[in-house]
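Undergrad: Got two chains here, separate frames each, mind docking them using the hints?
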Amino acid sequence: MIIQAFNGVSLGSILLLIALGLAITFGLMKVINMAHGELIMIGAYTTYVVQVIFAQYLPATMFDMYYFLAIPIAFVVAALIGMLIEFTVIRHLYGRPLDSLLATFGVGLILQQTARSIFGAPNVGVQSPGFLRGGLEVMGVTLPYIRLFIIGLVVVSFLLLAWFLYKTRNGRKIRAVMQNREMAQCLGVSSRKVDLITFAIGSGFAGIAGAALTLIGPIGPTIGTYYIVDAFMVVVVGGVGMLIGTVAGALGIGIFNTVFEYWTNASMGKVLVFALIILFLQWRPSGMFSLQSRSLD
Amino acid sequence: MQTISARLLERKWLFLALIIILLILPFFISDFRTNLLGRYIAFAILVIGLDLLWGYTGVLSLGHGIFFGLGAYIMAMHLSMESMTGAVPDFMTWNGITELPWFWAIFSNAISAIIGAIMVPMIIASILSFFIFRNRIRDVYFTILTQALVLVTTTLIVSQQSFTGGTNGITGFSTIFGYSLSSPATQKGLYYISVGSLIVVFLICSILVNSRFGKTLIAIRDGENRLRFSGYDTSMFKVLIFSLSAGIAGLAGMLFVMQVGIISPTMIGIIPSIEMILWVAIGGRGTLIGPVIGAILTNSAKTFFSESYPDFWLYFLGLVFVIIVIFLPGGLMSLVDKVKRRGGKHEKKRKEGTERKETNHSAVG
Numbered sequence: 001m002i003i004q005a006f007n008g009v010s011l012g013s014i015l016l017l018i019a020l021g022l023a024i025t026f027g028l029m030k031v032i033n034m035a036h037g038e039l040i041m042i043g044a045y046t047t048y049v050v051q052v053i054f055a056q057y058l059p060a061t062m063f064d065m066y067y068f069l070a071i072p073i074a075f076v077v078a079a080l081i082g083m084l085i086e087f088t089v090i091r092h093l094y095g096r097p098l099d100s101l102l103a104t105f106g107v108g109l110i111l112q113q114t115a116r117s118i119f120g121a122p123n124v125g126v127q128s129p130g131f132l133r134g135g136l137e138v139m140g141v142t143l144p145y146i147r148l149f150i151i152g153l154v155v156v157s158f159l160l161l162a163w164f165l166y167k168t169r170n171g172r173k174i175r176a177v178m179q180n181r182e183m184a185q186c187l188g189v190s191s192r193k194v195d196l197i198t199f200a201i202g203s204g205f206a207g208i209a210g211a212a213l214t215l216i217g218p219i220g221p222t223i224g225t226y227y228i229v230d231a232f233m234v235v236v237v238g239g240v241g242m243l244i245g246t247v248a249g250a251l252g253i254g255i256f257n258t259v260f261e262y263w264t265n266a267s268m269g270k271v272l273v274f275a276l277i278i279l280f281l282q283w284r285p286s287g288m289f290s291l292q293s294r295s296l297d
Numbered sequence: 001m002q003t004i005s006a007r008l009l010e011r012k013w014l015f016l017a018l019i020i021i022l023l024i025l026p027f028f029i030s031d032f033r034t035n036l037l038g039r040y041i042a043f044a045i046l047v048i049g050l051d052l053l054w055g056y057t058g059v060l061s062l063g064h065g066i067f068f069g070l071g072a073y074i075m076a077m078h079l080s081m082e083s084m085t086g087a088v089p090d091f092m093t094w095n096g097i098t099e100l101p102w103f104w105a106i107f108s109n110a111i112s113a114i115i116g117a118i119m120v121p122m123i124i125a126s127i128l129s130f131f132i133f134r135n136r137i138r139d140v141y142f143t144i145l146t147q148a149l150v151l152v153t154t155t156l157i158v159s160q161q162s163f164t165g166g167t168n169g170i171t172g173f174s175t176i177f178g179y180s181l182s183s184p185a186t187q188k189g190l191y192y193i194s195v196g197s198l199i200v201v202f203l204i205c206s207i208l209v210n211s212r213f214g215k216t217l218i219a220i221r222d223g224e225n226r227l228r229f230s231g232y233d234t235s236m237f238k239v240l241i242f243s244l245s246a247g248i249a250g251l252a253g254m255l256f257v258m259q260v261g262i263i264s265p266t267m268i269g270i271i272p273s274i275e276m277i278l279w280v281a282i283g284g285r286g287t288l289i290g291p292v293i294g295a296i297l298t299n300s301a302k303t304f305f306s307e308s309y310p311d312f313w314l315y316f317l318g319l320v321f322v323i324i325v326i327f328l329p330g331g332l333m334s335l336v337d338k339v340k341r342r343g344g345k346h347e348k349k350r351k352e353g354t355e356r357k358e359t360n361h362s363a364v365g
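Quick mapping for you: the protein sequence lines, in order, are chains A and B.
For the first sequence, our numbering begins at 1 and goes up steadily by one.
For the second sequence, our numbering begins at 1 and goes up steadily by one.
It is worth saying that the hints were derived from the structure and are not from the lab.
Being a predicted model, the structure only gives us computed values, none of them experimental.
Every residue, glycine too, gets a C-beta built ideally from N, C-alpha and C.
Honestly, I wouldn't trust all of these hints.
Said to hold, decoys possible - To list a few chain B residues with every Cβ distance to chain A over 12 Å, as calculated:
| hint | residue |
| --- | --- |
| 1 | Ala87 |
| 2 | Val200 |
| 3 | Ala219 |
Unchecked claim - To give an idea of the chain A side of the interface with chain B (calculated C-beta under 10 Å), a few residues:
| hint | residue |
| --- | --- |
| 4 | Ile32 |
| 5 | Val89 |
| 6 | Ala103 |
| 7 | Gly108 |
| 8 | Leu109 |
| 9 | Ile110 |
| 10 | Phe131 |
| 11 | Thr225 |
| 12 | Leu281 |
Chain B with its partners taken away, still in its complex shape (with noise of 0.2 Å):
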């Protein structure tokens, strides 16, 4: 008990001190670069959610793209009517549209776009999932039938030009509840706002998965069918964690949104969803803080790599995923393990952590 409580503390240090650097990097580095980072941070709230899903309930969803389009689709729509000159935004002039469609109209207020970007990814995502759950749905199954809806979603809003800005998405905003947007006053403002989003979806998932709910996720997790004759209704738990982690997907669009201006069908498809999962991977999946720091890194590598040598990352990317799927399924928290055990103190976590793996790999056959 004792080991446990001790790697939660360090677990909690990490993140105390990932704060703390997250809080004082924007007066050393450029407007720009904060803005960079500020993004960084809403996808390291994004894989937070994921994390609770995969690395807690093993349930493996490539759809929260979707969900972090919805977030971001609200905001964007809300921004864009608080920036527009007519009755209508620009583009819909273009496509012949003289009135505010209603789903438009209800998220003129800023409260309620907030609210809506994120609580309608919730209850999409618990209306699926209560339907493909309460059937028992093999994980495996419910995974291809995210990354249809991740298809099937793109498809219909690149299609819905009109309504949607189509391909080339929404974007032109000015002003965000008042402010202006190009200010640095505001950018940063904006970078703070997500700090403290990240701090508080951290603390209540952390809360979370420490309580017994949390112990539920992970028997989920290592023995469904147990837990199932022990009398649990394991499918409502699923359905519940996947619209939590829908939520905070949508709240993370909104924060993405607002700091870059413009969503686009590519940004919410099938490969940006994949690499969210790759964020978790590459952090360590079931840790919580292991995604955050993942999230952070590999977007400021894709940055790096991206400016420095293009045709390089989509090389570097595929051989991430199967260096880290095959040689470290722990991810990089795997490795701080790792380094602690050469202290050789900590002989009893040892056992307890290769037995967690194992049956870590069992519960995802």
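One chain only, chain A, in its complex shape (with noise of 0.2 Å):
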């Protein structure tokens, strides 16, 4: 019981980690960014990068600490070529999702074709750092160490995402575009660089997933692609615009799909969770938590 309460906080937070670079890009922003797959792919793969550049010109006793320098690289990696993908396609996709949505799968495309040119197609493995292995008993369960520090992982990352939405001045813009652009533009906030801001940050939360994801298995060109639909069910489930839907819908997915998956088989408890998706928009077609709005759109 509680290794499948465990089990499903950890599938969970796995999803809101990927889910919350997509609440900001998916749910501020109006930009399905299908390419959010494979800036985790590069998050993933500067982690390990870096892994290697330590193991090679490091002594070996520092090497446990590439991750703690891994994560903030691979945020600002990701951020900028985020920043790249958002000057050169879709700065020109705004108000038009659906078309945003292709544009972006075909950016994903390259840069999984470039993944695999610069690392080959198959997976590479990442050494997690020494102090990661081993787990926490608790009540004659073991908890692996590794998963706690991804939920850990989760909770700095939400809380810094909120703390820079909600109380600094940056945030405020940001919310003021999303918002309402025309207003916010009319009082002086330059409606362009705060998409551009908005889309790294985004990306740069893709970045720290993708860091994430080398502590549970090896990592590929693909690796992205295997969270992505998932990840957007968690935005469209939670409701878009507020952060903690996105938390509640991350939960939500993965306890059910722990526990689907523990009552029949993998495969049928995502067709079972699908279903309880559709169910649950019937009682919800906005999801869990949405912005109170009498627009219509």
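TA: Below, the structure is given as structure tokens:
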């Protein structure tokens, strides 16, 4: 029972980490970024590169520290590439979500193929730092440190993001532009700059998610596509425009997925979760939490 | 009014020219190439349905690989039952199954297989879309849900290996309705059946989009709320058109599997489903003839590139996605229109064209 609940929360935390970036780009900017999975992949490969550099140039005693450096670097690299994507492609597609979906899918294909030609098609393994090996004994069950670390990472990322969006000046600007673009522009907010920064932050969180995924298993050029559909479902179920909805959606899908898989098997579990989501949307078409608005879109 | 009918006429001529080319081409190219072309025609049938849905109604589905796949799998089940020597197809024997499951047995009859390949996708599509559209779930969410459907279905097919052949799919057919599948004559016959189906589907759909019903579809795309306020039940229209296009996809899948001889989950997964959308976008959404040309051209290019530069193809595909969406939202057909405008005598039409484009964008958003 404990182990089921823990697995559910653990899967939910991974989904949440991936969906946090989407909650920004999709939830706030209404851009369906299909290249989000590839930004995750970039974060994962960045971690891999940092690890290789540490293993080669620094003494073995410092090796374990690589991971703490890898997370911010993954964030920065993914954010920079996100900026590039925003500047070249997405800038032309605001207000056309379905078109943004197709264009970013194309970007994703290019990024995937680039990764394949740099790192090769086979998966590469990242050695997780030594202090994350083993697990914590709680009431007779072992909770792996890696999973606990990811849950911690998610909590920290979420709090940072929430603080940024709701407590800082730039966060306020972002919310202003997303809620009423024209009015924000009239009040002197440079909406172009805000778009660029918002998208970069969303991409940066994808990078962190990628760094976290290296702890779970080997990474390859298509690692992102494996999680991306689930992450979109999280945002749809949770509701658009509210961070708290994303948390609820991720934990909900994570826990139900684990429970259903425990009752049946992996694939039937997925089918049941999908059916449940459709049923849930009958009851709340706009997700668990959504901004109330009288506007007709 | 006259300019619209003039343009329609031109499109009809374009379609006629295409059909004539497709009819005489087999006399000039090898049997192998004819068979390839036959597959592309199956795709061309599929994109007509997609164009009804996306180009005319403004609903983007990333799940048509599944409806295509359902048609293909049902026909593949029939063909492998026709070809099997024992009580069950070989792969079932390997998985320790000795008796045909009921959902195989009902398709052992050729007619029930053909009807099933078209009706099963329609039924599934109408149930799913009814529950989604009923609550006015917005188009973006619908698109994401269709993509999830693809993921779920392919996972299910892979996991139910003993009934579906798993990742390997279903293959190893020898005869179709009593004719040998390996003989060139049968293949050529299938090719012409595909061309015939393309003509029928195209004609039905172009009558449809030029009728009152078609105007309603366009109105849904351009201003669904206004239409709803005028008393139309737009959800039912969307359900209807979604299941119609799913049925067309099933027909296409059936023709595809007859000519290719194999169907597997990778052929109907997320990437192929999005590629189908690309064919529509390349040809020009909302034109019917554009997507048909787009499907045939893109697939020919794909075959050419993957024969010569396999690595290059994904870069190319990705770039085409970006370029078409940003610079050429009207696809190849808008190029045709542009060339015509250079002639300078269609001043009126130009105004009409730009207007249409603008409403198009606002509708998508």
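Undergrad: If a hint holds in the structure, say so; if it doesn't, say that too.
TA: Hint-by-hint comparison with the structure:
| no. | hint | result |
| --- | --- | --- |
| 1 | Ala87 | holds (27 Å) |
| 2 | Val200 | holds (29 Å) |
| 3 | Ala219 | holds (16 Å) |
| 4 | Ile32 | holds (6 Å) |
| 5 | Val89 | holds (6 Å) |
| 6 | Ala103 | holds (4 Å) |
| 7 | Gly108 | holds (7 Å) |
| 8 | Leu109 | holds (4 Å) |
| 9 | Ile110 | holds (4 Å) |
| 10 | Phe131 | violated (35 Å) |
| 11 | Thr225 | holds (7 Å) |
| 12 | Leu281 | holds (6 Å) |
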